[in-house]
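Peer 1: Sequence:
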Amino acid sequence: MTGESIIADCRRRGWPATLARAWARRGLRRWTPLQRAAWRAGLDTSGEDWLIAAPTSAGKGLVAEVVSLERLFRGEKVLWLAPTRALAEALWTDLSLTLEPLGLRAACASGDHPAPDGAIERGQWDLLVAVYEKALQWLVRQPDGLAGGGLVVAD
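Numbered according to this note's numbering, the sequence shown spans residues 1045 to 1199.
For the record, the hints were derived by calculation from the structure and aren't laboratory data.
Hints may be right or wrong, so weigh each one.
Taking lysine to aspartate or glutamate and the EDC-like style, the derived pairs with C-alpha atoms no more than 16 Å apart in a straight line are [to be verified]:
| no. | residue 1 | residue 2 |
| --- | --- | --- |
| 1 | Lys1104 | Asp1138 |
| 2 | Lys1104 | Asp1093 |
| 3 | Lys1104 | Asp1199 |
Cβ-Cβ distance ranges computed for the label pairs, FRET-style [stated by the list, open to error]:
| no. | residue 1 | residue 2 | range |
| --- | --- | --- | --- |
| 4 | Ala1134 | Trp1059 | 35 to 43 Å |
| 5 | Arg1084 | Arg1185 | 39 to 47 Å |
| 6 | Leu1141 | Gln1168 | 25 to 33 Å |
| 7 | Ala1085 | Leu1180 | 18 to 26 Å |
| 8 | Glu1144 | Leu1190 | 32 to 40 Å |
The beta carbon of each residue, even a glycine, is placed where N, CA and C say it ideally should be.
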């Protein structure tokens, strides 16, 4: 993210062109100042834990998505926690548009989603968006559910 163009920075990074196209379809073309600063700080490659506190619409979600993609490209799973069912569904919809063209599977555990919990429990996902309650239920039933996990995003 050395420049402001998402597409140019994806190309420089060597990430698939399908990723840049998926983001462009979602209307993501330019980084916000927060996103550029996070990239310059090494957020996606540092391997350290981060806490980002910023106002609504500052770009925290895309920062989390970039870090998630880096982990997914390494073969690690990502659990993305959302505070409400509506937000979980919206996140799942957006992330699916990005991940599916890359051959990655997104799943949603919101209580309202038709995805069968059995698929989630069997680990048939690369990125799982879940409300806190569903994530807790899943982890109680399957304590090793985060095995192979590389990142937990708590929104």
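Peer 1: Indicate, hint by hint, whether the structure satisfies it.
Peer 2: To see whether the hints hold, each was checked on the structure:
1. Restraint check for Lys1104 and Asp1138: the C-alpha separation of about 14 Å stays at or below 16 Å, so the hint holds.
2. Restraint check for Lys1104 and Asp1093: satisfied, since their Cα atoms lie roughly 15 Å apart, inside the 16 Å limit.
3. Simply put, Lys1104 and Asp1199 have alpha-carbon atoms about 9 Å apart, close enough for the 16 Å limit, and the pair holds.
4. Taking the beta carbon of each, Ala1134 and Trp1059 are about 24 Å apart, not inside 35 to 43 Å as hinted.
5. Arg1084 and Arg1185 have their C-beta atoms about 41 Å apart, which keeps the hinted 39 to 47 Å range intact.
6. Between Leu1141 and Gln1168, the C-beta spacing of about 19 Å breaks the proposed range 25 to 33 Å.
7. At roughly 31 Å, the beta carbons of Ala1085 and Leu1180 sit outside the given window of 18 to 26 Å.
8. Separation of Glu1144 from Leu1190 is about 23 Å and departs from the stated range, judged on CB atoms against 32 to 40 Å.
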